[in-house]
Structures are given as C-alpha cells and as structure tokens.
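There are 4 protein chains.
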Amino acid sequence: MRTDTIILNKERNVSLTVYLQEVGGEFRGVGERPAVLVIPGGGYAMCSDREADPVTFPYLKAGYHAFILRYSLKEQAVWPNPLADYEQAMALIRGKAGEWHVAADRIAVIGFSAGGHLAACAATMAENRPNAAILGYPVITGATARSYQPSAPDAAEAVDAKTCPCFVFATRTDDLVPVGNSLRFLTALEQNEIAFESHIYANGPHGLSTGDSSIDGRSFSSRYPRWVEDSISWLREVLGGFGPDGPTEALFPPRINGNREETLSVDCSLEYLLAKPAACELLPMIRQIADSSSVVSAAARAMTLRVCLLFDGCSEEKLSEIDAVLRSIPNTSGRTEPGI
Amino acid sequence: MRTDTIILNKERNVSLTVYLQEVGGEFRGVGERPAVLVIPGGGYAMCSDREADPVTFPYLKAGYHAFILRYSLKEQAVWPNPLADYEQAMALIRGKAGEWHVAADRIAVIGFSAGGHLAACAATMAENRPNAAILGYPVITGATARSYQPSAPDAAEAVDAKTCPCFVFATRTDDLVPVGNSLRFLTALEQNEIAFESHIYANGPHGLSTGDSSIDGRSFSSRYPRWVEDSISWLREVLGGFGPDGPTEALFPPRINGNREETLSVDCSLEYLLAKPAACELLPMIRQIADSSSVVSAAARAMTLRVCLLFDGCSEEKLSEIDAVLRSIPNTSGRTEPGI
Amino acid sequence: MRTDTIILNKERNVSLTVYLQEVGGEFRGVGERPAVLVIPGGGYAMCSDREADPVTFPYLKAGYHAFILRYSLKEQAVWPNPLADYEQAMALIRGKAGEWHVAADRIAVIGFSAGGHLAACAATMAENRPNAAILGYPVITGATARSYQPSAPDAAEAVDAKTCPCFVFATRTDDLVPVGNSLRFLTALEQNEIAFESHIYANGPHGLSTGDSSIDGRSFSSRYPRWVEDSISWLREVLGGFGPDGPTEALFPPRINGNREETLSVDCSLEYLLAKPAACELLPMIRQIADSSSVVSAAARAMTLRVCLLFDGCSEEKLSEIDAVLRSIPNTSGRTEPGI
Amino acid sequence: MRTDTIILNKERNVSLTVYLQEVGGEFRGVGERPAVLVIPGGGYAMCSDREADPVTFPYLKAGYHAFILRYSLKEQAVWPNPLADYEQAMALIRGKAGEWHVAADRIAVIGFSAGGHLAACAATMAENRPNAAILGYPVITGATARSYQPSAPDAAEAVDAKTCPCFVFATRTDDLVPVGNSLRFLTALEQNEIAFESHIYANGPHGLSTGDSSIDGRSFSSRYPRWVEDSISWLREVLGGFGPDGPTEALFPPRINGNREETLSVDCSLEYLLAKPAACELLPMIRQIADSSSVVSAAARAMTLRVCLLFDGCSEEKLSEIDAVLRSIPNTSGRTEPGI
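If you read the protein sequences in the order shown, they are chains A, B, C and D.
Position 77 of the first sequence, counting from 1, maps to 76 under numbering that gives the first Met the number 0, and the rest follow consecutively.
Position 214 of the second sequence, counting from 1, maps to 213 under numbering that gives the first Met the number 0, and the rest follow consecutively.
Position 119 of the third sequence, counting from 1, maps to 118 under numbering that gives the first Met the number 0, and the rest follow consecutively.
Position 53 of the fourth sequence, counting from 1, maps to 52 under numbering that gives the first Met the number 0, and the rest follow consecutively.
Hints in this document: simulated from the structure, not taken from any laboratory.
C-beta atoms are modelled at their ideal positions from N, C-alpha and C, and glycine is treated no differently.
Hints may contain errors.
Unchecked claim - Derived CB-CB ranges, DEER-like: (1) C:Gly-28 x B:Glu-126: 41 to 49 Å; (2) A:Asp-104 x B:Glu-248: 29 to 37 Å; (3) A:Ile-6 x B:Glu-248: 51 to 59 Å.
Required output: the full structure, derived from the provided sequences and hints.
Shown next as structure tokens:
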C-alpha cells in the first residue's frame, strides 16, 4: 500500500491523506479500484482522528482506495471554504485517476457529524459531485449547522435531481446532533426521488464512528456497528462491485424513477404522467390505466408506467414504442407533490 | 408447542391463532414468556399467509409466544372495526396471561402494510396499547390509508406521548406503499420524543415479509432479511430479555427524555426546561448552564439536564435535590418545537 | 401450520411430532418443501425439550417442514432400537411425502449429543438414509457412546461411501462429550471423501442447543449461535434451495471427488488414478501429468484429473473422451490411504 | 497511521512491513495496542500479495497494529531459515514494544497455506512464541510440507503444552492443501489440551484469503468470509479486548484444563487425577466422586475436579484446601490418553 499526505491548502491547513492499494498482478481483474473520500467530523472546530484512519480500513479491506480530507476549521471554516476544500480534493483525485488507478466514476464520500454536513453539501451543491454519499449522524438543517459554523447552509434544502444516492445512519438518542437532521435529509431525498438507504439505531450517543470497541467504549445498540458492512454492501449495489473479469455493473439506478430526467419516459410514475397534459393527450392509455381496475389500487400511482404496462401484459416491443413517444416530450420542471 | 385458533368474531370472520411454548422444566428461569401479536397485511382486502406463520417462527425461536390476528376485511373493515378486533385480541391475551404464561407487559405487535397501519393505530390510538410495535412497510398517511379503506385514519397524526417504542422498516423503492409513509411516522415519533429504530433498505418491492427465499424470490437488497433478527435484538433492548435467573431489565426507556412526563425532571432536555419559566426561576443554574461554555455548543440544548450536570461534575446527591425541585413542577402541555 | 403427534411405538414410547407448513397459494413455486427431522439429546435417558421445539423454528422460518423424533430411552434404548425408531420415522415421512408435500429426497436429520449419535448412525448405517445430517456436539466414539448406552456402536467407524454430507458443530470445552468425538467423525468423513462443514467454537458447555438466551444463559463464545443460520445456508448448498419458479439445484455434490463411485472417472483424484494399473495403462497421460511440471506441486495429487486437464488447457470434448475410457473401468474397493 | 518497511535480512530478502496506529489522544484508554503478524502463503516459493495487505485491514479496523513478514523463499527456505525469520521479526516487535506502543503479550500470528505452516511452527516450536495463532488452510503434515519445501517439519507432531490457542480455518474441497492437514493439527491440539476454534467451510478452492470479492472471484460457500470477523471476536476472547478504561481481561485460558501445568490442581480433569496415585492417596474423595452417581455419567471424567466439586455443592473454602493439597504434587509427564 502506498501512503502519502498531500497539502491542499497550507494557509488553511487543508490536507489529503492518500492510501492507494496495488492493482493488477495477483489482483486479477482489478485494473483500477473504486475509492472512498473520508471526511471526519468535529463541529467545524477539529477533524476527529476517530473518524479518519479507522474509517478507511473496512473500505480498504473491501478493495477500495481511501482518502481522508482534513478541511478548513474554526474561523477558516467560513462558508464556502470547506466545500471548496472538498472540490479541490475531488478534482485532484479525479485528475490523477489514471495515475492512481482510481475508477473516477465510482467515488463515494463518507462524512460524520460536521463532516457529514460537508459530505451532504458535496452531494447536493458541489460542481464535482461524488457518485455516492455515506452520511453518519450528519448535521443537516440550517439551525443545527449554524450552531457549529454560523455561515453553514442547510443541506436538506439543497437536494436536487443531481444528488447522488445516499446512505444515512444515525442513533435515535443522539443529543448533540438530533436525529431530526437525518429525517429532514431523508425526506428531501424522498421528495426528489433520489435513491437512499437509511439505518437509525435505537440507542447510542453522538460520535461513535465505526462502533468498534477500540474507538468508543460507551453503551449503544448492538446493531450499530453493522452500518459499516451494510454501507459496503450498499456501495456494491449502487457503484457496482468486483467480478472475476473486472468491475461489475451497478444493480440499481441513482434515482428511483424517471420523474427527474430531461424527458418523460415509461420510467416516470403513473401519477407524474397524469399531471402532464402532453403525455395524456398523446397517450390516452395513461388515463385508462389509472382508472382501470387492473392496477391494484389508487396507491399504485407511485408505480412507473413500465411496471403498470408489464403488469397488464404489454409486450416489450409495445413498451418501446410508448417509451419513444414519451421521450419526445421535454420534462418541464413543475412537479406535483406526491399525495401520500 | 400448543396451537389453537380462537374465533373472535364469527360474523366478521376474525380469529386469533395461538402458538404457546412450554415454560419451566428444562427452560430454567422461564416462568412466563413475552409475546408477539402478528398482524398480516393485504390492503384491508385479505390477510396474507406470507405475513402470518412465517413471521411467527423467528420470534418463537427467540423464546416468544406468538399470536396471529386475522381481522375484519373489505366491507367489514370500515373503521374502527379492525382496531376493535385488535382491542379484543389484546384484551384476550392479557386476560389469559396467567393461564398462558404470557408476560402481559411485554407484548409487541408486528404489522405489515395494511397490517402495519393497524399495528400503528394500535400503538397510537388503542385503549389497550402494545408495549412495542414493529411496522413493516406500513401504510401510515391518511391519503395512502384511504386508498385501501376509505374510512381509515392517518396514523402519524395520532402519535402521542403514550405511543410505545417502534421499529419501522421499509424499502426505498416500494411503489405500492411509498416510503414517505414510514418517513412521516418516524417524524411524528421524533417530534413526540418516542424511542424508535428504523431500517430503510435501498431496493425491494412491496410485500417481502421476512425476505426468506422460500417466501419471495424477487430481487432486493441483501440487507433486507436482517430486519428480522435486528427487530429481535431491539425487542430485547426495549422489553428486556431472558437471563439465567428470569427476565432481564429493559436497557432503554420508551421515551428519549422526560419532556412528556407529568412533571418536569432532570431528564427533561435543557432546551425544554429553558422554555419553562417556573423551572428557570426556581433553578437559575439552568440558564447558567445554557449560557456557559462547559457544554459543547448551542446544539447541546437537546441534552437532558442530567447529562449536562454530570458533564459538569455534579454529584448524584445534588442531582437528586435538583430533580426533586423539578418534579414539584407540573409539566404543562405547551411544548415548543425543537429548533433543529 | 398443521401440527400433529404420531405414536410410532406405544410400548417404547416413541413418537413423531409433525409441523407441516402450507404449500402453494401465496407461496408461489412452493409445491413441496424440504424437511428436517430433529433428534433431541439426553444421554439415551431422556429427550431434551430444549433440543426439540426450539430447534424446529429456524428451519420452519427457512421454509422447511419439521419433525421431531422422540425415540427409545433407558432400558428400551438397547441397540438397535433407537436406529429402528429412526428407520420407522423416515419411512413414514417418505411414505407420506406426497400427502404431506415433502420433498422426499431433501430431508435432513439434526441430532444433538446422544441424538447426534443417533443422527450419525442414521447417516452411516441406516437403510433409509437422510440426504444431509447436522450433528450438534455429537456422541461418536464407541467409548463415549457406551458410557451412555452400553450397546451403542461407534459412529465414526461406520462412515461409508453412502454417507450423506454432514455439518458438525461443537464447543472445544465440552466436558461431557469431549470434542474428540467430533474430530474422529470429521476424520472418518475426510478419509471417505464425504462432503462436510464443521464449526468448533472455542468456549461453551455441553447442551447449548440453539444458543438462544431463552434456552441457556450460561457463558459461551459469541459465535456459537451462528451454527443455526450457517446450517441453513449449508443445507441450501447441498440440498438446493427455493427459487421463484420452484426448487433450485444443489450447488455441490455429496462427495468431494469420484474416488468412491462404481467406476473410475475424470472426477477421481490424480493420486487415486495413479494407484489403478488399469487406468494408467489405458491412459498413459495420467502418469505424464503427475510427473510434469504443469501441475503446481506434488501436493496437487489430491486434485481431480478433471481439474488437472482443464488446467492444462484440455478441451471439453477431449475431457469427455477420457472420461468415457475411465468409466469403462470398475472401481475396485482397495483404496490407498491419502499420503498427506 | 505510520507505515514502514524494515529489511530483516538483505541476503535472504526478508522484510517486515509495519503499520502502526495512533494511541492516546482521542483514542481514550488506548495506551498500547495488540498486534497481528501476518505471514502470507505461496508454497515457500513466493509471498502472495493477496494474503498480505488485504489481511491487515480488518485487524487494523479492530484496533490492532499490523505487521507483514516476507520470509525466505525457494532455495533460501531450507529449514529452519523461515522460522529464524519469524524469530527475528517477533524479537524485533517485542523489543520495540515500548516505542511502538505494542502490547507485547498480545501478539497473534496469522498465516496462510505455507505461511500457515510457518505460523503453526511459530506456535509450536519457536523460542519466542506468539500469544495466539490464526491458521488459514495451513500446510501441517510432513508429507504436505515436504512437497513444497523438502526440509520442512511436521507441525502437528510439534504441538506441546506451551502451544498458544489456535484458530484454524480451511475449506473441505481444497485440493492443493487437503483438509486433512487442518484435522491433524486440531487432533494434536485436542490431545494436548490446547484451546482452539475451528471453521471448515464446505466448499472453496485453495487460497481464498479474506474471501472478499475484490481478491478472488471464484465460487465458494457464502460462510467463508466470516472467518475474518470470527477470528477477531475470538482474539478478543483469548487476548482480551478494548474497554473504556484500557485493555480488558482475556475471557478464557489458553489450555482447557490444568492437566499440563507443573503441579496438579483442581483444574485437572477427574480422569487425569484418577491416574495419579499420589493424588488419589491424599484425596480419597477423588475416587469417590468418580464412583458416585452424583456426576452425570462415566463420560463426565473429562470434567475438572473443580466442576465436579461445585456440582456437589462444595464450598469455595473447601475447594481452596483441596487445591492446595493437589498443588503440592508435581505433575509428572506420563499422561494417559483420553479414552474417548
């Protein structure tokens, strides 16, 4: 393993720690590796060592390269400095992807607490977005964020259609960063149709990192340490994994339907298409399906048109025709709220 | 194991299946057993066999008695019939607790989909509340509930201070009961300071039950089937478990602080006490702690006064004195919203 | 679930408890189910309730039917009475396979302690062999067996080529049935080329059953309770599992090579074929391969000829030709001991 | 993390890779760390990269320092060169324990294949023994060992009373290093009353390392990758773990009873004491206990006298008296074989 520490900004004391694994040779089929960029927490006042090295190890074991970003703190942390630090780090990693054998389109950020805020901002606001984000007991809301850094923005409000899939974990009893922060972010992801996974453990204080007994001996729910391997299993689903002959495909798309794409498609939800006059006019069947008894219930309007059509026995050929019609219609921004 | 099926309501075709395990003898220290009451789903139109027997087995293995409630369906499901069915079942179980060797104060409901709606209503509206609730991809909101049964209420709006601890799981991509249902319920639990655990898995269709391959062969996230053993581990935390000499204590209380009790106490959050003039007047220290630098940050206002005092080195004796003063003050209803 | 208790032998107080799950309907693709036959322990003096019902539940959850055999005890346990009880039970189950929707060729026995002895005898001596055997801290050797029942045979000495795949678990510190019993059985399986899996946990007393806290509160290694789900995962490999469209194929054969089949084949080990003059004469290549440098080392003689040939780039067609030649040679009994 | 590579023997190309984690600071209670010394395999012809870095990561995550020994190969591997390399490495690590913050009495070796042979030799033959040994699909027997390095000794024959606790894992279908190697070693450990844990997985080829998909894409039993976390859980039992206030005690002793200590004691097995005339003469109760019906059966002779006495209601005071008598008797070498 090659290790290095690169100074990104001497004045602001910003650095990138680099852990690069071997490729090729006995690692058959591994020409490049996906990577994680770890962003420790510490209330924008410090970067916790407990959320730095120890977090890299399980991802290194899983075959990833690992990086640790130590970003601007205290008075240097005035916004957008921390986000600029992230941008610089991600640009460097992607710029050196060839040299470092990094799969540039399979890079996840992992942030904790205030570092979770920065990782959430990277996922929602950055120019150079990550491909997945793992957020541990993150600071999200403006109110909580400002209590640590007065200039910090609300990350939930920034969720957009380009936000990457997110894995959010926290403990219910966290009294430093209340769990409502995570719930607000999940709700924003849901309303923007972004893929996510979430684990909120019943009991545990703030700042447990991996939950390993060598890091924190406090009392917490025995399920907590599972977030680590669950996040790796999830990363394999959203970024693809390692196969005998090279990387494998992602199993699931970053958005749960087509409602946020540039044009309409059969992957839009029935409910969404019903609110698009152009679609209903060109394809009267949309309204018929919504009114028919073939679909289980009114609740099924969250189903995509594809699922409804396949359910009704539609052929793949016919499906493609319908899709072509829909893709000719631009997806204008006005999205109706889901009526759940 | 003794098995039986008891007709609760012949006219409405309501029944209770009973699986009672042995106690005593070689089961040393097991004089009575906690129990689960399983409530299958099926859109208030059927009770799914996939969410009945197969769900009981892991809890039987974990030492619980198990019951299955088959409740009023279709036109018989007009509200509050299903809830009345639950009340009847729970009253029967608790009434026969002695005969059946059931620990009457350690009974959890487990409901799925529409059965999750009924279980959530049991947890929030019933006279005879369960001690814990496990909700699988539950129908929660009025809009979703009404799409299955027009008279069904919104379960999130009903969350109150007496709501039991809840374990909520779902899949992000459920298109029959959108994940927003679970998020609304979690948010209501959070705002009412009720303990909970939640697992939302990235991918999987509606109705996966235990996720065992013998029940459903569709594609889903490999983490999904873990909800079963995680829920058992969680039940042991909130209801207590089995010890060599009898039942063990619950590890964690049903509410995360004292903000919802009848009087104030040191287990109220700092933030909550700050909004209570009577408390601040009798104990000026409360405001001092909030203003002091000893507590990490403004975010720490979600901490209980107990935690803040112990953090500042307060003795147990002094803590008891302060608690006594606070417990002399009734906890009036007007609760300020948390400012996260 | 249908439950019943069938008296197999009134005089000897032998019975079969029957737990039959539903098939078909919502259990799509499940026309019949594999089954487990649980054989509790108790030193041939009792049948422990701790190793009866609680053991069935995880297999029921995994989709299996479950049976419990309560066999002849004390003076009635003179050999071969217990084995005859097993034979009667298995004949009944297989005889009623159609009626009970049991997959007659996917039935595993699970025995503990003395019941593990009986299960091991079923696997090695019975007319009506099980398809897999799970042995928990089993009594195996003649010396240990006789200390419980003077007429009981040594199960390790009885291992033969027809012995089914076995899953053996125990604790190192068992002082009632020393771990040497398990080691002797594993060694016999190895020498007979029978497939097996084995987990010996560092610490734990005798008789822990599933290791659930509701059964036994004594102290033991935290890994112990995993034998349950590991055994289910293993059963799916050796018996096949559940797929969306019906049962799936076994992943691995019951013997690790072809050395015990009726004729020779390319699945015999190189070492085994080298000791067969008829094979070496018809196929001089066998000796060439053994002498060549293409195979990693002398240790590779445990490899099958198939693996060696594929390693050397042999075509499937050529492989079939060679196999046909070998299958013309009867596999005479004299087997040389492996020279490890 | 500090990383370094130290040349141990330039001529023989022997090196020690060093991964040292931080201590103290935010790692409260961690003044020093236990360590693992990883010994890769490769048939004494190479040191596999697959069994080097990737193996260190999970132990680093668990709070251990990690070292990798690259030892003498090919013609340089003539015995005892590899063992001398180990001795040099272990002497260096223990010599620098203070500087490196290594807990010198909590160092485990982890060896694979030929590296497993070297690790087993370290555990059984070295001057400077490890405190625990993890052996992955190890070469053990003289016959297998010599096929890789003609001068290599049999490691099973070398097991002695000073051998440390061992964790042995392998796959049943390994055709390069047959599973009999592991079974021979376990049998030797059993006969020497050494503590061990063992996991033999039903299916998998040789050389799977951690079983992570980024290392090896071949087909194997899904349980295989669990050896990693199971070995960590086991290490915490035998070496002690991390607690909030510093290291915690080992839960279990390195030998399963007192039969191998310098004097007799109540921790000797009943069977062992029965064969010691001096003990039976001074304490006639020993024979009485063996003959009495209070102990479950003849099989119980593997129980220690302590267990038998406590079972019979003996007081702690009386127990101490008996122990004192026994400890006055030297434990002469002639040990009777257990009669299992």
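Earlier hints that do not hold, by number: The structure breaks only hint 2.
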